Amino acid sequence: MSRFLVLTLNGLTQGAIYAAMALALVMIWRATRIINFAQGAMAMFTTYLALFAVDHGAPYWAGFVVALSSGLLLGAIVERVIVRPVETAPPLNVVILTLGLLLFLEALAPMAFGGQIRSFPPAFSIVGLHLGNSQVAFSPFDAFTLGSVLAVMVLLLLLFQKTNLGLRMRASAFNPEVSRLLGIRVGRMLTLGWALASLVGALAGVLIAPSLLLYPTFMDQVLVFGFTGAVLGGLDSAVGAVVGGLLIGFALSFVGGYLGSDLETVGALVILIAVLMVRPRGLFSLQRLRQV
Amino acid sequence: MVAAQSRIDRLVRPTLSRHLLLALGAAVLLLLLSTQIGAYDDYNLTAVAIFAIAAAGLNLLTGVNGQLSLGHGALMAIGAYTASLLLKDHPLPVVVVLLVAVLSSGLTGIVFGYAAARLRGPYLAGATLTLAVALPQVATRYKSIFGGEEGLTVPPTSPPAWLGADFPPERWLAWIALAAAVVTMVLLANLLRSPVGRAFKAVRDNEAAAALAGIDVARTQVLAFVISAACAGLAGALFAYWSGVTAPAGFGLSLSLQLITAIVIGGLGSLAGAVWGSVVLVFVPQLTSGMASSLNVPSSIANNLPLAIYGGILVIAMLVAPHGIQGAFRRILTIGRARWGHTPAGGQKGVVDWDDPASDT
Amino acid sequence: MLEVTDLTVAYGTVVALHGISLTVADSSITAVLGANGAGKTTLVRTISGLTRPRGGSVRLDGRDITRLAPEEIARLGVAHVPQGQGVLAELTVDENLRLGGLWRRDPKGQRGALAEAYELFPPLASRRHLAAFSLSGGERQMLSVGRALVARPRMLLLDEPSLGLARRALIQIMARIKTLVAERGLAVLLIEQNAKSALSVADDAMVLHLGKVVAQGRAHQLLSEEGLRHAYLGF
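Residue numbers (our numbering), protein chains in the order written: chain B, 551 to 842; chain P, 0 to 360; chain X, 5 to 239.
Pulled out of the complex, with its shape left as it was, chain B reads as follows (with noise of 0.2 Å):
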């Protein structure tokens, strides 16, 4: 396959996985106004207890049900007791506490299930599919990152526009006070936010950790990536953070394959900024009438 080629097929699939990064980010933003610095290391922790249990005899999916389940319910008991306390604290405040987050489960992580690199097993079988007679550099597991990242997408959607929870969770993000008026339970709305974007999370962290192998800080560049995708499409936009995904995916696949592979940290910082510089709010900015 020409390497150009390959590059793209790759670029998809790990732009499938900042999407969903970007996407938790931008969930986390729009409800509640904060950027969720700790959303990667609550990613880490799912995939490690993942992987608890397959230690422990359990087979593959229980694992992954395992992992998105525990991101559930971690999302719901950060935003519970830790993010709602300091509701009303200038935003600062807020954002070191996703910090000091970041550092705890970072160390926590080793501490329980110790530091050494561990392989994640993928879901299917990473060989590249035959088409014909040649191989093409797109696996069974790289379709099911695809699949399930894009299935994902597809039922939120569904829950935010077609449901009348989506709507509450909808309602409360947009304006908490007015919601709370007509009878809506915000604080229940946000934490289910939270957990949802925190369920999207877990479910980047088992996509990536069969090729980045897991280790305490393994998602500490998919958040990076996530955000810079999530900038790049705007933060108060869905439809932008998951658009900012792939195009971050394809552009380090790029700089990566034509470059070499340390420097694709250094890609996005400098595509980052680049963007930044010509649009501080983000590449699909607008400015949105919140209430009249």
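FYI, nobody ran anything at the bench for these hints, they're computed from the structure.
Every value quoted in this text rests on a predicted model; they were computed, and no experiment measured them.
Glycine included, every Cβ here is placed at the ideal spot set by N, Cα and C.
Check each hint, because a few of them may be wrong.
Covered stretches of chain P (in silico footprint by chain B; criterion: 3 or more residues with CB under 8 Å from a CB of chain B, positions within the stretch not fixed) [stated by the list, open to error]:
hint : segment
1    : 61–69
2    : 114–127
3    : 208–218
4    : 244–253
Examples of chain B residues toward chain P, derived with CB under 10 Å [unchecked claim]:
hint : residue
5    : 587
6    : 632
7    : 646
8    : 647
9    : 650
10   : 655
11   : 680
12   : 684
13   : 771
14   : 813
15   : 824
16   : 826
Fit chains P and X to the supplied structure of chain B, relying on the hints for placement.
Frame of chain B, contents of chains P and X only:
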């Protein structure tokens, strides 16, 4: 009696004199201290001085000017690598090395500061986060220059001959670091009291109002960034001498986060607080490893305990005491004064407001 | 029935309400009048739970709601239409309206209430699936009021509904509200700066000045007191 009093007043009143006097006093105390304690404690004293310099610079940027940087570990790395590269082939006077390191990190600060001047809140945090994660990778990429994963070794600096052959090198390094720290503190303290310092605070408190008052906001932001980067570079160069090895692993994201822990513990916006925070950063790992060895705790727990503690401190501090140690002192003083009938000091400004025009809820 | 007793509200050291007392009976409209800064909006925000009072109490049908969360107060049937419309701009007209009654968990009743709202405000019906930010000021006010009515409240708190509203639309809304008051026993607290039109629809009235009550009584009584009208009501 009155004449003597007024003469002392004239000496103490002007800011520079007051700071210089304090610095002199501190320097003498520290000098005495370093001679009384053993080599290992001199080693720790050096570490405290190093982190204090970096933390003070970061505090200027984040606490006083309101810009959150998650990338100061990377800026320290620049200072460290500059020093290491300079000393790779032949020795150079310490002062020269330190000054060049300050220059190189200051220059980086200019470049990054300009690029980031328009960034606010989460965007700046994210950009600096990316810097923190990206920069160590440059070192591993260009192995031949930067020594890859193993990094570069730095020869220890030997004390000058006139101090005597028995003079411990750890104490000499401690003197250098302490001198650098005292100089930095004096400069920063003076800066804070000057119109520039007031401009930093004004932009933090209300950017729009500051602009209307004639302050060049972008230049202020860049200046704050450059100064804090220079401090980080100085600290990084000293760090290179102190640890003897400059490798990418030592300058990752967790270093940046530890610096943030230091300034939060000490109290955002407070120079003295930077010192408290640095003391905590240096002594917590020692306490925990001491505890761990006496309790026979496995190394996977012992090694990670300090970071877990810092993370816990950050979380708890934000929940309970956002103003840090210095803020707690201030608050005790304020409450004390109020109890005694004095009017309370207006407006606790231990934490900063994050200007985020994107939000209007 | 709403009973406010000795309500005191302060923001820091600034006292916004000094021991206010009033009663709003079922099937009646009470107007709260006064100049800007008199404390009218503070009063309504405290009743609906958005603001915590320093002292005093608020009782709904005998039940103490003083320190309940706003969403719980809303679920007791208190609908607060905030000043400046409070429309959720990114949601569609239909979504805004539906939100009004979601807490009731009564899909059939909800459909009926929605239909009524569209019938009452035809401009909303024709813009059903448009985002609310594309509506005009008057249409947004209609949306806000309509949304409150969809919840079939027993108590309606209207904060300056006339702002930004064309005269005809205001008359239409007030007519509808008067019907609900008569037919369903709705209790209404009406905040208004436009004292004349408020007094023409209200049964009782209260005049606030700098957080204190300067007059209270039947609406037609206050209308006839010229001195009062000139001093506090601007006509």
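Against the structure, the hints come out as follows:
1. 61–69: It holds: at least three residues are needed, and the segment 61–69 of chain P offers 4 whose Cβ sits within less than 8 Å of chain B.
2. 114–127: holds (count 11)
3. 208–218: violated (count 0)
4. 244–253: holds (count 3)
5. 587: Holds. Min distance 7 Å.
6. 632: Status holds, d = 6 Å.
7. 646: Cβ of residue 646(B) sits 5 Å from chain P, so the hint holds.
8. 647: Interface hint status for residue 647(B): holds (4 Å vs cutoff 10 Å).
9. 650: 3 Å, holds
10. 655: OK, holds: residue 655(B) within 10 Å of chain P, min 7 Å.
11. 680: Cβ of residue 680(B) sits 35 Å from chain P, so the hint is violated.
12. 684: Since the shortest Cβ distance to chain P is 32 Å, the answer is violated.
13. 771: 6 Å, holds
14. 813: Hint holds; residue 813(B) Cβ to chain P Cβ min 6 Å, cut 10 Å.
15. 824: With a closest approach of 9 Å, the residue 824(B) hint holds.
16. 826: Interface hint status for residue 826(B): holds (6 Å vs cutoff 10 Å).
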